[in-house]
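Engineer: Sequence:
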Amino acid sequence: MIPNTIRIPSFKPALPLLLLALAGCAVTPPYQRPAVETPSAFKEAPAEGQWKTAEPAEARPRGEWWKVFADPVLDTLEAQAAVANQDLKAGLARLAQARALQQNARSALFPQVGVGFGPTRQRPSPASQGLPAEAETSPATLWRAQASVSYEADLFGRVSSGVAAAGADAAQRQALFHSLQLAIQADVAQAYFSLRELDALAALYADTVALRQQTLQLFQRRFDAGDVGELELARARTELAGAEAEAVGVERQRAVAEHALAVLLGQAPAAFSLPPAPLGRITVRVPAGLPSALLERRPDIAAAEQAMVAANARIGSARAAFFPRLSLTGALGYESSELGDLFKWSSRAFVLGPLVGTMLSLPIFDGGARQAGVDQATAVFDEEAAKYRQSVLQAFKEVEDNLAHLRLLDRQSASQDQAVQSAARAARLSQLQYREGALSYLGVLDADRSVLQQRRAAVQLDGDRARATVALIRAIGGSWGEGGKDGVQDAGKGGEAALAPALPAPAEAPLARVEGMAPAR
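Residue 453 in this note's numbering sits at position 473 of the sequence shown, and the numbers go up by one each step.
Take the hints with a grain of salt, since some may be wrong.
Estimated spans, in silico, between C-beta atoms of each pair [claimed, not checked]:
1. S118 to F323: 20 to 28 Å
2. A384 to R232: 28 to 36 Å
3. V331 to T117: 19 to 27 Å
4. S341 to D362: 25 to 33 Å
5. R201 to Q247: 43 to 51 Å
6. T56 to G229: 25 to 33 Å
7. G320 to P343: 44 to 52 Å
8. S402 to R74: 49 to 57 Å
9. Q398 to D426: 17 to 25 Å
10. Q233 to Q398: 25 to 33 Å
11. E416 to A437: 25 to 33 Å
With a cut-off of at most 20 Å between alpha-carbon atoms, the simulated DMTMM-like pairs for lysine to aspartate or glutamate come out as follows [claimed, not checked]:
12. K367 to E378
13. K23 to E378
14. K377 to E238
15. K367 to E17
16. K69 to D280
17. K23 to E276
18. K23 to E380
19. K367 to D280
20. K47 to D167
By construction, these hints were calculated from the structure, which means they are not laboratory data.
Bear in mind the structure is a predicted one, so any value in this text is a computation, not a measurement.
All residues carry an ideal CB built from backbone N, CA and C; glycine is no exception.
Construct the entire structure; sequences and hints are all you get.
Structural biologist: If you want it as structure tokens, here you go:
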């Protein structure tokens, strides 16, 4: 049978020195970031948005990017989420765990020192005392008080590779915490704007319901006077009931959205309430010509790279298993058969060398276990490299998506504003034709519904614009720019950011009441 280890009963004094000198001979492969194909510019950005050589920038402060919206309520909500969000607290706890594991790995670089005290009751066998097998031996008590030291020499970087891997794991966890932090900030902002969008819809339906109530009252009076038939009165009642039902539906959606926002803030939904405030048109414009430095700020990409660094270090640990392992141990203290004699000078004792096992060990045959460990570590690195490339591609996609959203939302909003103006004009004309008897009330209702539909679509586009702006800021890793407050600079300084003027607001239908007809909404 082939022994599993080589046992060296004795060695020359120069051998440990030689082995210690091998501690600096690490077998970890040098880390190289995988090549990633990057475009010269974003497809959805202007041609002047060029790329530069990538440099890690994940650790740079991102600032309070949400302040570009100039909304004090949003500022307060973001501050509350930063201190009370439970997912964020869990992420911080995971980061603390990773740092503790890193410190635990670093402890292997230093000698382990311990002290002990206590008795040992033993009865030696006759053979161990050189006596005949039938001889009698007496049990004895041995008291010990000693300090022990153990240390594994870092041959071929086995220990340092583990430390490097743990350090990369901690750095990855920190980057993931930053990614979670950015995600929660963006979620709060998007939830807030969704809530404000529902407030705008609620205000729109409140006006519609009020005006249709007035219309119903007018038709009721005219029906009582015999001027109109029951059909027109029934249609007026139908329009009022339909508007009231849709208003309740918006109220229901707002309640659910408010509850979701409360959870993001770390509060119970019953303890949180946000007063209504309709959403206005967002005027913040995130720069279209984004350089690669903005993608470098994405913490998820930094986390993916740190995972590769850790996997690369573990390849070194797996390779080190092919080389000798040196463990140095020793104990120094006192031994005595009597407790009172324990600390006498004559009771001193020491042990140098392995207390259990061997000092130097090297596996000879393991059935391919060590090679399997290296293959596994290499495959893990290849997996993390693929994940890194996928993270970069996903980052490109998210930026392109949101650039396209904002570009096309500008055009869509402009067309929608024209639709609102045209619908309002058509509603006014239908009122005039109805008064003159040239149009039935059914035509007026159609024009009235068209105004409501177009204005609702305009409000929803404003909500989409606000959420897409937040999504783009999240896609580029938070704030942008390096010289302005909260990452925002003037448009004249390289076009880093600009507060573009708002598109024309949707035209309002006239509020002047026409005899026999309520204003169109």
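Engineer: Compare the structure with each hint and give your call.
Structural biologist: Here is how each hint holds up against the structure:
Our hint of 20 to 28 Å for S118 and F323 holds, since their Cβ atoms are close to 25 Å apart. Distance hint check for A384 and R232: the Cβ-Cβ separation is about 32 Å, which falls inside the suggested range of 28 to 36 Å. Judged by the Cβ atoms, the range 19 to 27 Å given for V331 and T117 holds: they are separated by roughly 23 Å. Roughly 31 Å separates the CB atoms of S341 and D362, a value that falls within the hinted 25 to 33 Å.
With their beta carbons about 49 Å apart, R201 and Q247 fall inside the hinted range of 43 to 51 Å. For the pair T56 and G229, the beta carbons lie near 29 Å from each other, so the given range of 25 to 33 Å is met. At about 48 Å, the CB distance of G320 to P343 agrees with the hint of 44 to 52 Å. Distance hint check for S402 and R74: the Cβ-Cβ separation is about 55 Å, which falls inside the suggested range of 49 to 57 Å.
Range check, Q398 to D426: Cβ separation about 19 Å, and the 17 to 25 Å hint holds. Checking the proposed 25 to 33 Å range against Q233 and Q398 shows it holds: the Cβ atoms sit about 28 Å from each other. One distance hint, 25 to 33 Å for the beta-carbon pair E416 and A437, holds here, with the actual separation near 30 Å. A threshold of 20 Å between alpha carbons decides the hint, and for K367 with E378 the separation of about 16 Å falls inside it, so the pair holds.
Taken as a hint, the K23 and E378 pair is honoured in the structure, with Cα atoms around 12 Å apart against an allowance of 20 Å. Taking the CA atoms of K377 and E238, the gap is near 30 Å; set against the 20 Å cutoff, the hint is violated. Distance check on the hinted pair: K367 and E17 sit about 14 Å apart at the alpha-carbon level, within 20 Å; holds. The straight-line distance between the Cα atoms of K69 and D280 is roughly 18 Å, inside the 20 Å bound, and the hint therefore holds.
The suggested pairing of K23 with E276 holds, with an alpha-carbon distance near 18 Å, which does not exceed 20 Å. Using a Cα cut-off of 20 Å, the hinted pair K23 and E380 holds, with the two alpha carbons roughly 7 Å apart. Between K367 and D280 the alpha-carbon distance is near 11 Å, which keeps this suggested pair within the 20 Å criterion. Distance check on the hinted pair: K47 and D167 sit about 15 Å apart at the alpha-carbon level, within 20 Å; holds.
The structure fails to meet hint 14 from the earlier list, while all remaining hints are met.
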